[in-house]
Amino acid sequence: MKSLGVFVFIFFLAQVNSATLFAGTVRGKVKEPGARKDANAVIYVADIPGKKFSPPSKHAIVDQKNLVFVPHILPVLAGTTVDFHNSDDVLHNVFSPDACAGSFDLGTWGKGEVRSHTFLKPDCFAVILCNVHPEMEAYIVVLQNPYFVVSSADGSYEIKDVPAGKYVLKIWHEDLKGTPVQVDVPKKGTVTADFDLRK
Amino acid sequence: MRFLILLLTALEVSFVVPTTPSYAIPAFARKYKTSCATCHTGFPKLNAFGEAYRRNGYQFPGGTDREFTKEEPVSMGSKGNKEAFPDAIWPGSIPGTSPISLMMNGEIDYNPRFDADNPASVSRFTFGGLGSSIEAIAAGTLGEDLSFWGHAILNSDGSLELNRIFLIFSNILGSDFLFNARVGVFEPDLFSFSTHRAWFEGYWITMRPFSEDMGFTFEEIQKGLEVRGIVRKRFAYAAGIVEGFGPPHSNKDYYGHITYKFGGMPLDGVVEEKSSAGPSRPYFDNSMTVGLFAYRGSSVIGPDSAYQSNDFTEVGGDANVYYGPCNLFGGVGIRHDDRPFVGSLGSSANTADWFGELDVVVFPWLLPGIRYESWKSHMRDPATGRLVAFTDNQIVPGIETLLRANLKATIRTVISKLESKGETKHRLGQVALILSLGI
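These protein sequence lines are chains A and B, in that order.
1 is the number of the first residue of the first sequence in this note's numbering; add one for each residue after it.
1 is the number of the first residue of the second sequence in this note's numbering; add one for each residue after it.
List time: in silico EDC-like cross-link candidates among lysine to aspartate or glutamate, alpha-carbon distance up to 20 Å: (1) B/33 <-> A/63; (2) B/70 <-> A/137; (3) A/65 <-> B/272; (4) A/111 <-> B/176; (5) B/79 <-> B/144; (6) A/170 <-> A/194; (7) B/33 <-> A/89; (8) A/111 <-> B/272; (9) B/70 <-> A/63; (10) B/233 <-> A/89; (11) A/65 <-> B/67.
It should be emphasised that the hints constitute simulated quantities derived from the structure, not laboratory data.
Let the hints inform the model, and build the full structure from the sequences given.
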């Protein structure tokens, strides 16, 4: 009876936490010949067929501060709602001409007010603009699964808790292109994949 | 000067003197690292925010200028010196980088009234004016509530014209730009529009002189002092004393202007509740601004050997309506000149002039507009010497196209009937393609 209980417990853990129990880390470096645009590349696991991922209930946030969108690049899981804040003492607007994001225009609003938009379609790289200040720009990268990250200032990145298996790892950058790579994520440990960005 | 010429050559662009200097200020764009479109709906025309920025002495609304400034200014004294005053100089600063902007304008003209038999007639199609000038504008703030403006035009013949040069002292009394002063050489603040901030410059009401003898215009640069301010966010006033027209003389010109804005962004640019739920555009500012002005002038006209005084008074008003992408505005002036005709001391004259203009933002970069102007006045018949009445009118259609936020191409023409020149029907005037670049 006791062994049956242990078995049931282990089976339960395996079902619930198989993803994290048998998950590895993907890390690497993004390089660009000019070494000026290593940051702000989105590295993500390409579509995982047959799997559906629930969007987070907590909204993501993009702020507008000192006439700049913060963050500049925001990857989200499809179905995520993004709250657009205005922390400036001037009016701001948020719109996107990209059809995959619904070609929305949230209007114009002042400090302290928040407007929201839900990004439904995956594989969408939506530019976010403010028609009051045309120099302002951000990108919402909408992805099919939650295994993504934005490269840091030195170009390094790390995606944790990727379920073990073979995947295609892709990279997206607002100006540059990189070649997808195949990775075999171990059940435990790390796999390395570097990217070279080119025009 | 040599640097400017070299720069112009290096850019391989050829430009001409614009009909009127225009004012979009790339130095401000650099200061805040923001686009021209933050303040302009097709430069140099200001949107509601840009108008507030101008009224605030080239400062962001609500005391936030320092917050938005991204080019660190160079201190001319720490703010602690305020406490040490009068034993220390009041603190200030200068812009961190050069506050100079360059404006270059080029023009290609087609003249349908070309007369091949008249050697003085301009060519039917000409590039002739290209490469004749470049404008340099220095503008910015010297710390809190002290602003400056300077403007020079360098012509290809080597001549240098100095245009507006002034200082603005803001918030002298109270706060929120209640009482400010401007001193120097400037354009009197009489209207809610300006030919220098328009898609199609050259408004008769502000730019047309009464006659060759009486060359005064409202937008002639005036030397003097002006006080102005904003009361309760939507009411604005201005009053000034300026040198007036002609050689230096004892009597000065006086003027006053009041204006009120209904709806839209307040005149000081501080927005408290305004927001739009649906799609919006920065040039949407559903509002109506109305204004009244009075100007009393004392000019000196005539040749050096026989100066003659001409006192004149003009009263009028203007209205400026924004609705969606449309902007309908106009002005009217009624003027009386005591002695505007040289040698005819007993002859006075009345003038009534008005205009209406419709500007439409089809796209943020495609900006058509059309203006109608009328000028009803008196002139001296050269044959009989008697006064005769005349009415001139013109239609000014045009399209401004923004190729970039700081580069525009404007096509405009004039269809006019000038009774003062003996014309009896409307005729097409010069068609001009004007290129303007600000850097």
